[in-house]
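K.L.:
Given next are the chains, with one letter for each unit.
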Amino acid sequence: AQKITQTQPGMFVQEKEAVTLDCTYDTSDQSYGLFWYKQPSSGEMIFLIYQGSYDEQNATEGRYSLNFQKARKSANLVISASQLGDSAMYFCAMREGTQGGSEKLVFGKGMKLTVNP
Amino acid sequence: DTEVTQTPKHLVMGMTNKKSLKCEQHMGHRAMYWYKQKAKKPPELMFVYSYEKLSINESVPSRFSPECPNSSLLNLHLHALQPEDSALYLCASSLDRERTDTQYFGPGTRLTVL
Chain A
1 AQKITQTQPG MFVQEKEAVT LDCTYDTSDQ SYGLFWYKQP SSGEMIFLIY
51 QGSYDEQNAT EGRYSLNFQK ARKSANLVIS ASQLGDSAMY FCAMREGTQG
101 GSEKLVFGKG MKLTVNP
Chain B
1 DTEVTQTPKH LVMGMTNKKS LKCEQHMGHR AMYWYKQKAK KPPELMFVYS
51 YEKLSINESV PSRFSPECPN SSLLNLHLHA LQPEDSALYL CASSLDRERT
101 DTQYFGPGTR LTVL
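Chains A and B supply the protein sequences, listed in that same order.
The numbering of the first sequence is this note's numbering, which starts it at 1 and goes up by one.
The numbering of the second sequence is this note's numbering, which starts it at 1 and goes up by one.
Bound conformation, chain A alone (with noise of 0.2 Å):
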């Protein structure tokens, strides 16, 4: 069964404008961390922002935030004020518990941002 679902392929906005990224997630665990990573086109896996299970706030960075509901297992990344160098993949991940440690990161498929002028 896949662990994280991220439905769009591709999403286009104009520059300054907010978007939300959409992902779901399916787990048993109760303690979990959810990650959102950008990739632009130059490779390097660039860390967005984290929301554990347990906590009670959305997390914030900056223009990044994550509208985390829990109930609905949604962890949707929303940015505000787009920039020309948003235009990235986006990947939604998750933590969770394996046998002897919580060392694999589930990855959604990815989503194709592109942020125009």
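If you're looking for bench data, these hints aren't it; they were derived computationally from the structure.
Check each hint, because a few of them may be wrong.
Here are some, though not all, of the chain A residues that point toward chain B, as calculated from beta-carbon distances under 8 Å [stated by the list, open to error]:
{"#": "1", "residue": "10"}
{"#": "2", "residue": "12"}
{"#": "3", "residue": "31"}
{"#": "4", "residue": "35"}
{"#": "5", "residue": "95"}
{"#": "6", "residue": "104"}
{"#": "7", "residue": "109"}
Distance condition first, Cα-Cα at most 20 Å in a straight line; then the derived EDC-like pairs of lysine to aspartate or glutamate [to be verified]:
{"#": "8", "chain 1": "A", "residue 1": "112", "chain 2": "A", "residue 2": "86"}
{"#": "9", "chain 1": "A", "residue 1": "3", "chain 2": "B", "residue 2": "44"}
{"#": "10", "chain 1": "B", "residue 1": "40", "chain 2": "A", "residue 2": "56"}
{"#": "11", "chain 1": "A", "residue 1": "70", "chain 2": "A", "residue 2": "26"}
{"#": "12", "chain 1": "A", "residue 1": "3", "chain 2": "B", "residue 2": "3"}
{"#": "13", "chain 1": "A", "residue 1": "104", "chain 2": "B", "residue 2": "98"}
{"#": "14", "chain 1": "B", "residue 1": "38", "chain 2": "A", "residue 2": "44"}
{"#": "15", "chain 1": "B", "residue 1": "9", "chain 2": "A", "residue 2": "44"}
{"#": "16", "chain 1": "B", "residue 1": "22", "chain 2": "A", "residue 2": "44"}
{"#": "17", "chain 1": "A", "residue 1": "104", "chain 2": "B", "residue 2": "52"}
{"#": "18", "chain 1": "A", "residue 1": "104", "chain 2": "B", "residue 2": "58"}
{"#": "19", "chain 1": "B", "residue 1": "36", "chain 2": "A", "residue 2": "44"}
{"#": "20", "chain 1": "A", "residue 1": "104", "chain 2": "B", "residue 2": "101"}
{"#": "21", "chain 1": "A", "residue 1": "3", "chain 2": "B", "residue 2": "101"}
{"#": "22", "chain 1": "A", "residue 1": "3", "chain 2": "B", "residue 2": "58"}
{"#": "23", "chain 1": "B", "residue 1": "38", "chain 2": "B", "residue 2": "52"}
{"#": "24", "chain 1": "A", "residue 1": "112", "chain 2": "B", "residue 2": "44"}
{"#": "25", "chain 1": "A", "residue 1": "112", "chain 2": "A", "residue 2": "15"}
{"#": "26", "chain 1": "B", "residue 1": "40", "chain 2": "A", "residue 2": "22"}
{"#": "27", "chain 1": "A", "residue 1": "73", "chain 2": "A", "residue 2": "15"}
{"#": "28", "chain 1": "B", "residue 1": "40", "chain 2": "A", "residue 2": "44"}
{"#": "29", "chain 1": "B", "residue 1": "53", "chain 2": "B", "residue 2": "85"}
{"#": "30", "chain 1": "B", "residue 1": "41", "chain 2": "A", "residue 2": "22"}
{"#": "31", "chain 1": "A", "residue 1": "104", "chain 2": "B", "residue 2": "84"}
{"#": "32", "chain 1": "A", "residue 1": "3", "chain 2": "B", "residue 2": "98"}
{"#": "33", "chain 1": "B", "residue 1": "41", "chain 2": "A", "residue 2": "15"}
{"#": "34", "chain 1": "A", "residue 1": "73", "chain 2": "A", "residue 2": "96"}
{"#": "35", "chain 1": "A", "residue 1": "109", "chain 2": "B", "residue 2": "96"}
Derived contacts from chain B toward chain A, CB cut-off under 8 Å, selection only [as the list claims (entries may be wrong)]:
{"#": "36", "residue": "42"}
{"#": "37", "residue": "68"}
{"#": "38", "residue": "90"}
No residue lacks a Cβ here, since even glycine has one placed at the ideal position from N, Cα and C.
Here the structure of chain A is known, so what remains is to put chain B in place on it, guided by the hints.
P.N.:
Same frame as chain A, but now just chain B:
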């Protein structure tokens, strides 16, 4: 500083060559990872080292051989690769193996096998 460095940035090798990918971090992280990423796909975990010991091998073919000489360095030795092994190889590190520990990635090595 959350920097993970990888060398080389690009690598072209023949199927009979032996080469190595290198990864380095100086953040005091105790867990290090190798991922393989094909075009338009998410990264796939290959190996995990925890406290310099191999803790996960995701059934990776033996032509890929990881090595962790010390807590800051991670190598991936390549031998007798196939063209289908061409991909972006990403190294990552995290403080430890907790669910809350963020994995920080390096810039990757783009490998082409001829």
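K.L.:
All hints are to be evaluated individually against the structure, with a verdict given for each.
P.N.:
Each hint, compared with the structure:
{"no.": "1", "hint": "10", "verdict": "11 Å, violated"}
{"no.": "2", "hint": "12", "verdict": "18 Å, violated"}
{"no.": "3", "hint": "31", "verdict": "6 Å, holds"}
{"no.": "4", "hint": "35", "verdict": "7 Å, holds"}
{"no.": "5", "hint": "95", "verdict": "5 Å, holds"}
{"no.": "6", "hint": "104", "verdict": "6 Å, holds"}
{"no.": "7", "hint": "109", "verdict": "6 Å, holds"}
{"no.": "8", "hint": "A:112 to A:86", "verdict": "10 Å, holds"}
{"no.": "9", "hint": "A:3 to B:44", "verdict": "14 Å, holds"}
{"no.": "10", "hint": "B:40 to A:56", "verdict": "34 Å, violated"}
{"no.": "11", "hint": "A:70 to A:26", "verdict": "11 Å, holds"}
{"no.": "12", "hint": "A:3 to B:3", "verdict": "28 Å, violated"}
{"no.": "13", "hint": "A:104 to B:98", "verdict": "10 Å, holds"}
{"no.": "14", "hint": "B:38 to A:44", "verdict": "13 Å, holds"}
{"no.": "15", "hint": "B:9 to A:44", "verdict": "11 Å, holds"}
{"no.": "16", "hint": "B:22 to A:44", "verdict": "15 Å, holds"}
{"no.": "17", "hint": "A:104 to B:52", "verdict": "17 Å, holds"}
{"no.": "18", "hint": "A:104 to B:58", "verdict": "10 Å, holds"}
{"no.": "19", "hint": "B:36 to A:44", "verdict": "13 Å, holds"}
{"no.": "20", "hint": "A:104 to B:101", "verdict": "11 Å, holds"}
{"no.": "21", "hint": "A:3 to B:101", "verdict": "19 Å, holds"}
{"no.": "22", "hint": "A:3 to B:58", "verdict": "18 Å, holds"}
{"no.": "23", "hint": "B:38 to B:52", "verdict": "27 Å, violated"}
{"no.": "24", "hint": "A:112 to B:44", "verdict": "18 Å, holds"}
{"no.": "25", "hint": "A:112 to A:15", "verdict": "15 Å, holds"}
{"no.": "26", "hint": "B:40 to A:22", "verdict": "18 Å, holds"}
{"no.": "27", "hint": "A:73 to A:15", "verdict": "29 Å, violated"}
{"no.": "28", "hint": "B:40 to A:44", "verdict": "14 Å, holds"}
{"no.": "29", "hint": "B:53 to B:85", "verdict": "25 Å, violated"}
{"no.": "30", "hint": "B:41 to A:22", "verdict": "17 Å, holds"}
{"no.": "31", "hint": "A:104 to B:84", "verdict": "24 Å, violated"}
{"no.": "32", "hint": "A:3 to B:98", "verdict": "19 Å, holds"}
{"no.": "33", "hint": "B:41 to A:15", "verdict": "26 Å, violated"}
{"no.": "34", "hint": "A:73 to A:96", "verdict": "14 Å, holds"}
{"no.": "35", "hint": "A:109 to B:96", "verdict": "25 Å, violated"}
{"no.": "36", "hint": "42", "verdict": "4 Å, holds"}
{"no.": "37", "hint": "68", "verdict": "14 Å, violated"}
{"no.": "38", "hint": "90", "verdict": "6 Å, holds"}
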